[in-house]
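A.B. asks: This is what each chain is made of:
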Amino acid sequence: MRRLLALLMLPLLLAATFAPVRPGVPLRFPADHGAHPEFRTEWWYVTGWLDTLQGKRGFQITFFRTRPDIDTANPSAFVPRQVIFAHAALSDPAAGRLRHAAKIAREGFGLAGARVGDMDVRLDDWRLWRGRDGRLHARVSGEGLALDLAFTPTQAVILQGDAGFSRKGPGAGEASHYYSWPHLAVAGRLNGKAVTGTAWLDREWSSTLLNPKAVGWDWLGLNMDDGSAVTLFRVRSAKGGALWAGGSHRDKAGRLTVLTPDDVRWQAGGWWQSPRSKARWPVKPVVALKLAGQWRELPVVPLMPDQELDSRMSGGPVYWEGAVSVPGGRGYLELTGYASPLRM
Amino acid sequence: MHHSANGMAVTGWLMAGEWRAHPVRLGLAVLAIAVGVALGFAVHLVNSAALASFGRAVASVQGRADVAVRARSAAGLDEALYPRLAQLPEVQAISPVVEVPASWGRLARPGSEAKGGRFTLIGVDPLRAMAVTPGLVGISVAGQGGVGSRPNWQADAVWLSPALMRAAGVAPGQDFIITAAGRQARLRIAGRLAGADEAQLAVIDIAEAQWRFGQLGRLHRIDLKLVDGDAAWAVVAAALPADAMLATPEAEATRADALSRAYRVNLGMLALVALLTGGFLVWSAQALAVARRRPQFALLGVLGLPRAGLVRQLLAEGLVLGVAGAALGVALGYGLAVLVVDRFGGDLGGGYFSGARARLAFDTGAALLFGALGLVTALAGSLGPALNAARAAPAQALKGLGDVPDPARRPRAWPGLVMLGLGALAALGPPLWGLPLLGYAAMALLLAGGVALMPALARLLLAPLARKGSAFLPLDLAVRRLWGVPQAAGLALSGIVASTALMVAMAVMVASFRQSVDDWLVAVLPSDLYLHLEGAEAGGLPPADQARLAAVPGLAHVRFQRVLPVRIDPARPAVALMAQGGQASVPIMASTDAATPPGTARALISEPLAWLYGWQVGEVHSLVIGGVPRRLFVAGVWRDYARQWGAIIVPLADYRGFTGDATATEASFDLAPGADPAAVQTALQAALPQAVEGQAQFGRPGEMRRVALTIFDRSFAVTYALEAIAIIIGLIGVATSFSAQVLARLREFGMLRHVGVGRRAILTMLGLEGAGLGLIGALAGLSLGLVMALVLVRVVNPQSFHWTMDLALPGPLLGGLVAALVLCAGGTAVVAGRRALGGRALLAVRADW
Chain A
1 MRRLLALLML PLLLAATFAP VRPGVPLRFP ADHGAHPEFR TEWWYVTGWL
51 DTLQGKRGFQ ITFFRTRPDI DTANPSAFVP RQVIFAHAAL SDPAAGRLRH
101 AAKIAREGFG LAGARVGDMD VRLDDWRLWR GRDGRLHARV SGEGLALDLA
151 FTPTQAVILQ GDAGFSRKGP GAGEASHYYS WPHLAVAGRL NGKAVTGTAW
201 LDREWSSTLL NPKAVGWDWL GLNMDDGSAV TLFRVRSAKG GALWAGGSHR
251 DKAGRLTVLT PDDVRWQAGG WWQSPRSKAR WPVKPVVALK LAGQWRELPV
301 VPLMPDQELD SRMSGGPVYW EGAVSVPGGR GYLELTGYAS PLRM
Chain B
1 MHHSANGMAV TGWLMAGEWR AHPVRLGLAV LAIAVGVALG FAVHLVNSAA
51 LASFGRAVAS VQGRADVAVR ARSAAGLDEA LYPRLAQLPE VQAISPVVEV
101 PASWGRLARP GSEAKGGRFT LIGVDPLRAM AVTPGLVGIS VAGQGGVGSR
151 PNWQADAVWL SPALMRAAGV APGQDFIITA AGRQARLRIA GRLAGADEAQ
201 LAVIDIAEAQ WRFGQLGRLH RIDLKLVDGD AAWAVVAAAL PADAMLATPE
251 AEATRADALS RAYRVNLGML ALVALLTGGF LVWSAQALAV ARRRPQFALL
301 GVLGLPRAGL VRQLLAEGLV LGVAGAALGV ALGYGLAVLV VDRFGGDLGG
351 GYFSGARARL AFDTGAALLF GALGLVTALA GSLGPALNAA RAAPAQALKG
401 LGDVPDPARR PRAWPGLVML GLGALAALGP PLWGLPLLGY AAMALLLAGG
451 VALMPALARL LLAPLARKGS AFLPLDLAVR RLWGVPQAAG LALSGIVAST
501 ALMVAMAVMV ASFRQSVDDW LVAVLPSDLY LHLEGAEAGG LPPADQARLA
551 AVPGLAHVRF QRVLPVRIDP ARPAVALMAQ GGQASVPIMA STDAATPPGT
601 ARALISEPLA WLYGWQVGEV HSLVIGGVPR RLFVAGVWRD YARQWGAIIV
651 PLADYRGFTG DATATEASFD LAPGADPAAV QTALQAALPQ AVEGQAQFGR
701 PGEMRRVALT IFDRSFAVTY ALEAIAIIIG LIGVATSFSA QVLARLREFG
751 MLRHVGVGRR AILTMLGLEG AGLGLIGALA GLSLGLVMAL VLVRVVNPQS
801 FHWTMDLALP GPLLGGLVAA LVLCAGGTAV VAGRRALGGR ALLAVRADW
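Residue numbers (our numbering), protein chains in the order written: chain A, 1 to 344; chain B, 1 to 849.
Bear in mind the hints are in silico, worked out from the structure with no lab data behind them. Check each hint, because a few of them may be wrong.
What the hints assert, rightly or not - Pair ranges (Cβ atoms, derived):
{"id": "1", "chain 1": "B", "residue 1": "V170", "chain 2": "A", "residue 2": "G110", "range": "37 to 47 Å"}
{"id": "2", "chain 1": "A", "residue 1": "P26", "chain 2": "B", "residue 2": "V170", "range": "50 to 60 Å"}
{"id": "3", "chain 1": "A", "residue 1": "G110", "chain 2": "B", "residue 2": "A238", "range": "49 to 59 Å"}
{"id": "4", "chain 1": "A", "residue 1": "D262", "chain 2": "B", "residue 2": "P83", "range": "45 to 55 Å"}
Backbone N, C-alpha and C fix where the C-beta goes; we use that ideal spot for every residue, glycine too.
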């Protein structure tokens, strides 16, 4: 009987084994700025607002690392043990839609990879890294889109959830290691012209993230003008309700409040339908968070309605990632799973 | 206006009357033009279809990249080149590719029942290929998940081109067993390659291709997208190691074109010959018509039709013949092309474009061109007789005196001699644009010169007979007539000479080629049993398997060989590098006893290679083997008819030292005395590893020779058909010109009857005249044909295909041909005479006075 069980298990054992996300694992820096190749998936997510001569612009620079579910004796240097992909997008109200570029490659040959030990992710000529001066740097370029930015930290990182262990659903392993770095001061060049601004870095890695019932999530990160920072997210079920929710609030004095599912409310405000994907996006939600027993409501307004990004050609989904503002603050809103259910 | 309308009406009446009276003769002329046009048009259509489909297949395999870095040989490139090129700022996008010749099923020699086929196995990184060669990406990785999702990596997934799916009779979801580089793998068909219809092509992941088919660390191609400008090319080219080269789509197209160019031009020339003979037929038909209608034309002349009008009349008739022939020819040609592509594929059985399916399209431009050629030929054929008719004095012609040549006037010899001389000079010329154009010109000049020389030659040959006289009256009359007016016999003679010469030239060339190929086959197949692994360029039998084969009982001696294609010039097809163990068994044409210089390997090059690349015995040349240029000492040149693009034999030990590749793709076995070949073959078959079973082809020399010669005969089928056409046209020419002669000489016969020569004697005279003409024509055609054969064998063939052959004369065939021509010529003369002498001769004499 035991033998039979072992035989049945064999295919599972042959598959790659991913590291589990466990509570109580302290985050260490700068090591945790770097890659965690033993986990299934990981991202470096920089979003922010830029001040240009023509006005405010939103930008997004995202690097993903994913470890395909293969375990092979194949010694070829081409075996896709890790795959790196990246998106960059610019929200320009004058253009009315995103200008974006994407790249994907398997790790190897010094052309693509994510360094372990400190932040340095490369994909051909795209790169996101932490310099010796402690600043973060990003360099990406695509058609009509060239970003060369430096990010100077003005505050400490926020360890989300329980000291960086962030639950993403009701199930046991549904969690990620998660930290955010708000209020990064931006200086650099957009298409060759000098710009400044404020940005936000989200870092998350996990092997089992989403509940099987989940179809997508919504995420919001806000740099408030008074120096405080708001993080909100919720995981949605097919019915549209929240399977899980959470976030945090750090006030200008640095006091951190971790939000539980009961502390977050998310209501759809205005909708926008994409003429390309035909998906309907709730681009003007009204969110609320409970701080010290008080509900604080934040009506979200997008910089422009069309900030949909189709990343299917580089292995991603169709999602909405856009610059938004609330009274007294600016940030980025992410909506996924509205074009088709998200699978991870 | 009124006048021209009348003129038109007269033209129409004359034409209608003539054609109603002689539908068969004119029909034949139309048919001859049509055959020439049809052949030329069909050859053009089939070849352009084949080239286009070959081009499309190449493009599918290439995936339509801007430019590709290619390995010079099947051994591939070090994969370290990939990141080096990727980091060049000039490279916008890059996609590394593993490309291995592969096969499915059981490959077998032509004619066997086994089912299997060759294809190109390609390994790509779909993530990279998407930006450079999207046609090589099986599915888009689209819609597979979300942020941070994992693409659906399927290690055993293979995508097939629709053409390969059709050939192998498989569908998505089924298993597909692939043999390549001496290994076998069972993969699952994940889907269809949308962008690659023509090519026999399968795509798997690059990591799997490297691992499963023994190509770890190797790439065969790197597809690139470059920034604009020629500077980018130069930068990439400068970054390449010795075993890589830059291949552009243009170079690939040139290579495809080079593959079959000489063959195509050859066929085109044969079509031209058919067209020329068609023109000759029009000429003889028109000349006959002119001879018969002389009084009619004279009457028109006397009634006021100017001479120019007469010429116009005959040219208009030629035009109608030409238009009919051209239209029929274009239709026939298209039908023929459809049939040929359907039955034999796009290469007319030439074997140049295997794996590509031709799609035939009607080419209006070419149709007009070939139609116009037919028209011009018909007009040219009518021009001579028209001018001739216009020259005739109406009064004499009206009296029916016919042609009145003066026996005292000697026929001119110099134009023919000048053309023969020019032909000889042209034969000595070099190839132009890689084609034997001067050789073809030499053939045409020799033919024209020979024909033009005929009257003078006939007179020269008959002079002794004519002086001596003969007691046998009909013979005496025949000889004197031939001697006196050889120009009159020119028509018949030129037909016989031209067709005999062409026929002899082609027969001698084919016979020489066949004999040389046969001798060569005997020389290159000295062993008792041969093993060939088909489609094993990427790797064959490893040493352990070689040892197992060598240990099979009943073998006296085993020699292994590794053959792999190597590119020397990107615009030329690859040459075969043959690493042979032991003493090379090839027919050596030239060699040196000089010692191999230190630091070089002793190489034997094939005749085509020496021709194409200008390498000579005793020289040292460089060739990239195993990633590094090696110095080869050319110790000899050997005759090779199998590899038109060249082959180089190097010692197996040197090759293994250079590359570390110890596999073998061929083996030859000498049996121990008394061993049973069938039993040994069975034992060898059993000793083969299972992975290469489908590729292994055993052959015994006798059967291999037979198969080779069958293929040879099949590929010359077109030539044989054209030979037959040439003969038939020649004989028709003889018949029509005799008819013309007899008609023109009706009064002469009447006179002969009048002075008491019997009808039988006149017929005998005509028969003897015919046979004499046939003999002169056949002998002259034979000599001319032998000279032309020499040009074909020594000039046209080496310049087209880069190989030489020994001249071989098919004696019985030539003798039979001469005899047949003499008999036919005599026979036709008698038949024509009998028809003409049906009681009208006496009448004719009476009418004359």
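A.B. asks: Run the structure past the numbered hints and jot down the numbers of the failing ones, going up.
C.D. replies: 3
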